[in-house]
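> In case you want the letters, here they are:
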Amino acid sequence: QKEVEQDPGPLSVPEGAIVSLNCTYSNSAFQYFMWYRQYSRKGPELLMYTYSSGNKEDGRFTAQVDKSSKYISLFIRDSQPSDSATYLCAAFSGNTGKLIFGQGTTLQVKP
Amino acid sequence: GAGVSQSPSNKVTEKGKDVELRCDPISGHTALYWYRQSLGQGLEFLIYFQGNSAPDKSGLPSDRFSAERTGGSVSTLTIQRTQQEDSAVYLCASSLGTHNSPLHFGNGTRLTVT
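These protein sequence lines are chains A and U, in that order.
First residue of the first sequence: 1, per the numbering used here; consecutive thereafter.
First residue of the second sequence: 1001, per the numbering used here; consecutive thereafter.
What the hints contain is simulated information worked out from the structure, not anything from laboratory work.
A hint or two may mislead.
[What the hints assert, rightly or not] Among chain U residues calculated to face chain A with C-beta under 10 angstroms, some are:
hint, residue
1, Pro-1055
2, Leu-1103
3, Phe-1105
[What the hints assert, rightly or not] So the derived label-pair ranges between C-beta atoms look like this:
hint, chain 1, residue 1, chain 2, residue 2, range
4, U, Asn-1010, A, Leu-46, 21 to 31 angstroms
5, U, Thr-1098, A, Ser-53, 19 to 29 angstroms
6, A, Asp-66, U, Ala-1002, 36 to 46 angstroms
Quick caveat, the model's predicted, so the values are computed rather than measured.
Beta carbons: idealized from backbone N, C-alpha and C, even for Gly.
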């Protein structure tokens, strides 16, 4: 079992839709959670970073963490074609200093 | 400021040859990470440096893979006797090294072994 599981998709939505991306993790030692966005042939770029359970909002993006169920989500409101990319969830253990990634979900937003 | 720089951006090599991949982290970043991304896959952790030392080498796939970091800055990932299954994008990232510092990635080296 992978430490961080993510449905690879692909996910295709019309422009303006609300997108929900989800991951689960198995290691209770994970303390910090991040979402990265990766465009084709580019390195991942940090989108959102959360520590505690609850929601964190940044513009059209909301990250949600539920540590009791080991579940993390990213919501994108009013999705745009420019949001088309691969979205990677990641979990960080302060004990090991290692950031573990999910498989990534490929999102396509159609105009 | 300058981000993480990786070179070369693309490398084609013949099976059995050795290759060196280079990473220049963001200035002042003490932690440096190497990941591998195969086609359609997520990021596979390879190795992590804090300063010049590597507390965690657990992700290196075999003894053909090695990495070093000198002067707390530039890092080199070396793959000896390359195999076709080594073909992937090799990504480097750096961070401030505190336990909650996000990683900043380079654009990777795309390695193709023929």
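> Under 10 angstroms is the threshold here; is the Cβ of U:Pro-1055 close enough to any Cβ of chain A for the hint to stand?
Since the shortest Cβ distance to chain A is 7 angstroms, the answer is holds.
> Return holds or violated for the Cβ distance of U:Thr-1098 and A:Ser-53 against the range 19 to 29 angstroms.
Cβ of U:Thr-1098 to Cβ of A:Ser-53: about 22 angstroms, so the range 19 to 29 angstroms holds.
> Going by Cβ atoms only, is U:Phe-1105 closer than 10 angstroms to chain A?
holds, 3 angstroms
> Go ahead and decide if the range 36 to 46 angstroms is satisfied by the Cβ distance of A:Asp-66 to U:Ala-1002.
Because 38 angstroms falls inside the window, the suggested range holds.
> Does the Cβ pair U:Asn-1010, A:Leu-46 satisfy 21 to 31 angstroms?
holds, 25 angstroms
> Given U:Leu-1103 was flagged as interface, is its beta-carbon under 10 angstroms from a beta-carbon of chain A?
Interface hint status for U:Leu-1103: holds (6 angstroms vs cutoff 10 angstroms).
Violated hints for the displayed structure: none, as all numbered hints are satisfied.
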